[in-house]
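> As they're listed, the protein sequences go chains A and Z. Residue numbering for the first sequence follows the numbering used here, beginning at 17 and increasing consecutively. Residue numbering for the second sequence follows the numbering used here, beginning at 8 and increasing consecutively.
Don't read these hints as lab results, they were simulated from the structure. Heads up, some of the hints might be wrong.
Unchecked claim - Residues from chain A that face chain Z, not an exhaustive set, calculated with beta carbons under 7 Å: (1) 163; (2) 171; (3) 173; (4) 180; (5) 184; (6) 185; (7) 187; (8) 188; (9) 231; (10) 234; (11) 235.
No residue lacks a Cβ here, since even glycine has one placed at the ideal position from N, Cα and C.
Here is what each chain is made of, one letter per residue.
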Amino acid sequence: MRAFWALLVRDLKSASRAGGSLTTLLAFYLSLGVILPIAIGPDKPLLASLGPALIWTGVLLSSLLGLDRIFVADHEDGSLAAFRHSRLSLSTISFVKLIVHWLTTALPLIVLTPVMGVLLTIDLQTLLSVMLTLLLGTPAIAALSLVAAALSVSLKRGAVIAPILVMPLAIPAVIFGVGAAKPLLGAGQAETALLYLSAMSLVFVAFAPFAAALALRLSQE
Amino acid sequence: MTDQSETISSNWFSQLAHPGMFMRWSAYLIWPLGLLSIVLFAVGLWFAFFHSPADYQMGETVRIMYVHVPNAWLSQFCYGLMAVSAVGTLVWRHPMADVSMKAAAPLGAAFTAMALVTGSLWGRPTWGTFWEWDGRMTSTLILFLIYLGLIALWRTFEDQLRAAKVVAVLTLVGAVNIPIIKFSVDWWNTLHQPSTFFRADGPKAPASIITPLLTMTLAFTVLFLLLHLLRMRTEVTKRKADRLEHLKIARQQKGA
Numbered sequence: 017m018r019a020f021w022a023l024l025v026r027d028l029k030s031a032s033r034a035g036g037s038l039t040t041l042l043a044f045y046l047s048l049g050v051i052l053p054i055a056i057g058p059d060k061p062l063l064a065s066l067g068p069a070l071i072w073t074g075v076l077l078s079s080l081l082g083l084d085r086i087f088v089a090d091h092e093d094g095s096l097a098a099f100r101h102s103r104l105s106l107s108t109i110s111f112v113k114l115i116v117h118w119l120t121t122a123l124p125l126i127v128l129t130p131v132m133g134v135l136l137t138i139d140l141q142t143l144l145s146v147m148l149t150l151l152l153g154t155p156a157i158a159a160l161s162l163v164a165a166a167l168s169v170s171l172k173r174g175a176v177i178a179p180i181l182v183m184p185l186a187i188p189a190v191i192f193g194v195g196a197a198k199p200l201l202g203a204g205q206a207e208t209a210l211l212y213l214s215a216m217s218l219v220f221v222a223f224a225p226f227a228a229a230l231a232l233r234l235s236q237e
Numbered sequence: 008m009t010d011q012s013e014t015i016s017s018n019w020f021s022q023l024a025h026p027g028m029f030m031r032w033s034a035y036l037i038w039p040l041g042l043l044s045i046v047l048f049a050v051g052l053w054f055a056f057f058h059s060p061a062d063y064q065m066g067e068t069v070r071i072m073y074v075h076v077p078n079a080w081l082s083q084f085c086y087g088l089m090a091v092s093a094v095g096t097l098v099w100r101h102p103m104a105d106v107s108m109k110a111a112a113p114l115g116a117a118f119t120a121m122a123l124v125t126g127s128l129w130g131r132p133t134w135g136t137f138w139e140w141d142g143r144m145t146s147t148l149i150l151f152l153i154y155l156g157l158i159a160l161w162r163t164f165e166d167q168l169r170a171a172k173v174v175a176v177l178t179l180v181g182a183v184n185i186p187i188i189k190f191s192v193d194w195w196n197t198l199h200q201p202s203t204f205f206r207a208d209g210p211k212a213p214a215s216i217i218t219p220l221l222t223m224t225l226a227f228t229v230l231f232l233l234l235h236l237l238r239m240r241t242e243v244t245k246r247k248a249d250r251l252e253h254l255k256i257a258r259q260q261k262g263a
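Construct the complete structure from the given sequences, taking the supplied hints into account.
Have a look at this one:
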């Protein structure tokens, strides 16, 4: 357990000290918040009704941007090879990576979402429900990203291919996430979507570390 | 007793799956499979064109079904085959399972694309649109994207033995996900449009429709098996050639 915390703290520290990547992430997310309304036009009711869908798309694309950071640095400096002989199992290490990835990618995006809400002119009620669905749904996206990052860690073009692998698999999360945030639906249906979304996140977070550990082991053989 | 029979069957299987043996027995299958698929296509098309009724609503366009349904079936059958091969790769680490998985991926993508294209050609005269965000069509499109992702992943690796294991993990992750995707898309679709007036499984199909449909499905399946076998043979030969190339280079370096 001490090793678990030590690794978590180490990764958080190195993520915060590396700098730059967080700024890039948030700048990308904000640029989407500018590009999309410009492309759609300054039609406030239209923007507001598209709001949850645009925010979810934005979060998905932005979180794919940071995907190659999950394992690449550890692969390049040899830490990943050392981890294979550590007392922590590779699955546990992958789980730590998942937590760190969520904390450094999904959480900042969710925190910035109110600004997106202002740009897309959605009302407070919708904004709060979008943030709730993001909070419940992003763990699933992070889990898929973890597996894709593990699959592509030793590849030169890994950063290009991993998003292509994640996107089709992330579609259910987007469907339930946007579905639960739509204000026009009946309360029962939104609740159903919210439950499915949470179930997906739980299942993916439970299984992803094992799949990622398997992929890491196989791609290093 | 059980142990003995198990070793016999594993011997029998490992002999069949040994690359050299595979090349030998599969050579005898190419021509029969090819002839069988030609005959089945001839019979199936004859039934489809001359011995099945035109639909009272859709008219002659209903005959697209005899091409569309087999392709849609193969798009899923092929993923099943790949998932089984992926288990073979990860559990038994058998090189022929890798070869089978690699040979199937582009075929799966091609049959899925055919299902989508014939579906949209059929949709134009009957629904009045090339594309409808209908549950089945959407999940078939997502399946197509998954196939493309798998093919792309195969191509980024130089070492095909390592690629096989990594792709196998993704294939199984996809296999777990496909039911979830299917379910979510159906849920999403009922959210937008309650039901489509048209259903592919149709109301009480008579024998005049069932016969050509089954024959064509069989014909396409035999064609798929033939192409899969051919691609597997090509892959085995390619790997042999690559190995010889490496040996040649190694010898030259030694000589120099």
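> For every hint, state whether the structure bears it out.
Do the hints match the structure? See the list:
no.: 1; hint: 163; in the structure: holds (6 Å)
no.: 2; hint: 171; in the structure: holds (5 Å)
no.: 3; hint: 173; in the structure: holds (5 Å)
no.: 4; hint: 180; in the structure: holds (5 Å)
no.: 5; hint: 184; in the structure: holds (4 Å)
no.: 6; hint: 185; in the structure: holds (5 Å)
no.: 7; hint: 187; in the structure: holds (6 Å)
no.: 8; hint: 188; in the structure: holds (4 Å)
no.: 9; hint: 231; in the structure: holds (5 Å)
no.: 10; hint: 234; in the structure: holds (4 Å)
no.: 11; hint: 235; in the structure: holds (5 Å)
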